[in-house]
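These protein sequences, in sequence, are chains A and B.
If you count the first sequence from 1, position 18 lands on 18 in the working numbering, and the numbers rise without skipping.
If you count the second sequence from 1, position 224 lands on 224 in the working numbering, and the numbers rise without skipping.
FYI, nobody ran anything at the bench for these hints, they're computed from the structure.
In this text the structure is predicted, and so the values were computed from the model without any measurement.
It is possible that part of the hints are untrue.
Pairs count within a copy or across copies, as identical chains cannot be separated in the list.
Distance condition first, Cα-Cα at most 27 Å in a straight line; then the derived DSSO-like pairs of lysine-lysine [stated by the list, open to error]:
1. K162 <-> K149
2. K79 <-> K272
3. K97 <-> K390
4. K401 <-> K39
5. K291 <-> K271
6. K295 <-> K159
7. K40 <-> K115
8. K17 <-> K295
9. K86 <-> K115
10. K47 <-> K159
11. K200 <-> K178
12. K91 <-> K115
13. K97 <-> K296
14. K115 <-> K97
15. K424 <-> K279
16. K178 <-> K115
17. K272 <-> K120
18. K97 <-> K424
19. K115 <-> K310
20. K159 <-> K178
2 protein chains.
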Amino acid sequence: MNKIDNPKPEIWSEILKRPTKTIDDIEITVKEIFKEVQKKGDEAIAKYTSIFDGISLENYEVSEEEIQEAIGLISSELKEAIQLAKSNIYKFHSAQKTERISIETTEGVRCWQEKRPIQKIGLYIPGGTAPLFSTVLMLAVPAEIAGCKEIVLCSPPDKTGKINPAILYAAHLCGVTKIVKVGGIQAIAGMTFGTPSIPKVYKIFGPGNQFVTVAKQLATQFGVAIDMPAGPSELLIVADDTAVPSFVASDLLSQAEHGTDSQVILVSTSKKLIDAVEKEIQIQIEELPRKVIAKKAIENSKLIWVENDKIALDLINDYGPEHFIICSEYDDFYCNGIVNAGSVFIGNYTPESAGDYASGTNHTLPTNGYAKNYSGVNLDSFMKSMTFQKITEKGIQNIGKAIEIMAEAEGLQAHKNAVTLRLKNIGERE
Amino acid sequence: MNKIDNPKPEIWSEILKRPTKTIDDIEITVKEIFKEVQKKGDEAIAKYTSIFDGISLENYEVSEEEIQEAIGLISSELKEAIQLAKSNIYKFHSAQKTERISIETTEGVRCWQEKRPIQKIGLYIPGGTAPLFSTVLMLAVPAEIAGCKEIVLCSPPDKTGKINPAILYAAHLCGVTKIVKVGGIQAIAGMTFGTPSIPKVYKIFGPGNQFVTVAKQLATQFGVAIDMPAGPSELLIVADDTAVPSFVASDLLSQAEHGTDSQVILVSTSKKLIDAVEKEIQIQIEELPRKVIAKKAIENSKLIWVENDKIALDLINDYGPEHFIICSEYDDFYCNGIVNAGSVFIGNYTPESAGDYASGTNHTLPTNGYAKNYSGVNLDSFMKSMTFQKITEKGIQNIGKAIEIMAEAEGLQAHKNAVTLRLKNIGERE
């Protein structure tokens, strides 16, 4: 752990530097696989599934029997937990629905905005030891509320050709329309170009390793949208003497166990709190099954003491954390002042885990400073905002002259003509 | 003009194919200039301004005197037109403001969503013969309503070192905080990395030629967001015998004058209407100052007859036009059924020009089929959606067990611990 006292603003960006990755090597591999999937379709999917997942499959689509089998394998305890989480996620994202916004900007000029669902979306769920069924909930629930017609889920098969039953259960529960046992770059390429086994989609959501991240970036060059650029997960906690050191330590550790490159930061106006949290981390870390990972991340963590809350807030906005926990006497000050953060957790009984799983907020959030310019996933991520307008004869008479003058000033005579013709037509009839 | 009768769905994508561009050559140039601006700052800005704009400037920032001079140069007629347009754009985008969305998903678990402005944004406005001051309105007005702190505008200087006065007037009127006389790739690179003359921004908006488009794409690799990927402008009109052929022709021509690669499409269930529009185009096109451009675009235009409105709607959704004009007896059918379009114009007195300039809707819209997965620019484009949560002791008791079970099933013990510790703490006190 690195304790830093009262750092000057000039060095904030240095001490809060995120790990940078070189993607050039990966990019060549990703481009090659994309080219092959584009050209050869399922033949390329089979080849790379064999290479990366070590298995040959006859059918990539998960069958109804496989889903039923998975449902049977999940304990009723886990089912109930998933259902509770789903219910909260559903409530919070349903509340985000918006009505048509309609106004008459000038008499006879009616403009409105409506949101319509993106028709075809793809969800990528990584495989491996930690089956991220919670991410299935976070992406499929709002997609279903939005009204997306096709919700395709891709996830890599294990060595026996299966997908983790909790992932299948969650997908089944949340209205996924097709589950495909394909992972990695080949899955993203498949959803980009479409193959007989994998439908082409318009937007791809979900986490993944560096290969998947680069593949999603490349997909955008072929007309597919993505949820957001990705980076290692991060947590910043601001805490003072009203915080409980063991709670703060447990939250920092829950971030640290994600990966060795996780960013773990504590900012405080209290040196006493910093010391107490440091001690608690040492105790709690020994009990963790993933302590090797957590120790590496904690080694790079920063415990930053600052003089006052004003400085703390500036530093936090400068960093733009993905997760931001506030355990402070002045929580209102931080809530009102924070402009760059993905999701904010307030008070001693609001651990990040709550938002990761079951409170109802989304856990797909901007990392890597993207909280400065990107939203976390929300209902609107699955929709497009469209505008409509209907102008009456009176309306075009009211704004027609302005359009003619502006179009002429921009040198666009045909734009002007479209109005002139209509005004003349009305004039002749009056 | 290409008349096509009753095309089968299998060939829709072929006949509605958009012009594709190769960007590989451009990419090398763009990458080089980015590297140089990143390393040398204003020195590189000066070099490329000299090369591309043929001028050396001492100061890149537009001074207060230059703005005052520009205001003096604009006719009062044009000022009034711009003010009317601004007023309508302001009304429509203000109406898009949203309140905090707050719900208790479970007793003691309060979640809310709030939007906060992106703090620093950049607007790119191309130079050249057609000064796009209307685009200044479309971008700066919602940015100001959103509350963006820094609104930087970059536009190339002409041979005398000036920016068109209408652009300066519009920028001044709409709260732009800094106007910089730098254009092209070097402007985008400057806003990406920041130089002494050009502030670094978090998101870049605005149109541009192929070089600017590729530069904006590259900017996203350095953490900057962009409004949307760009392509040539396009208009699709669906019209039947209730339409006025001369109006339809004038709208198609207003699209055609944009550029030789503009996409101009008419879909109709009436052969009579198609023939009448064709004749009207021949007449009107001869009067246009930009007729050389318009003729090229019209050569590639498509006049498509289809059997019925159902087929027409499917074809239109398959294409996903940027601008969609409906002049049909069945306008409700099209309004309700359209899912892929940027902006929709309804009725005989609603020309695309209205939305381009003064009705109040935004004219920065998804082209190239991106209407399937991207919104046009709207108030939310200048904001980020953030979530907040506050959980009480009762709240964590209500959802804590579900979190523990899910975290354990995902193999994330520290996530579980963060809840267990809190539940234990409450238990010990009860």
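**Message:** Tell me the hint numbers this structure goes against, listed in increasing order.
**Reply:** 2, 4, 6, 7, 13, 17, 18
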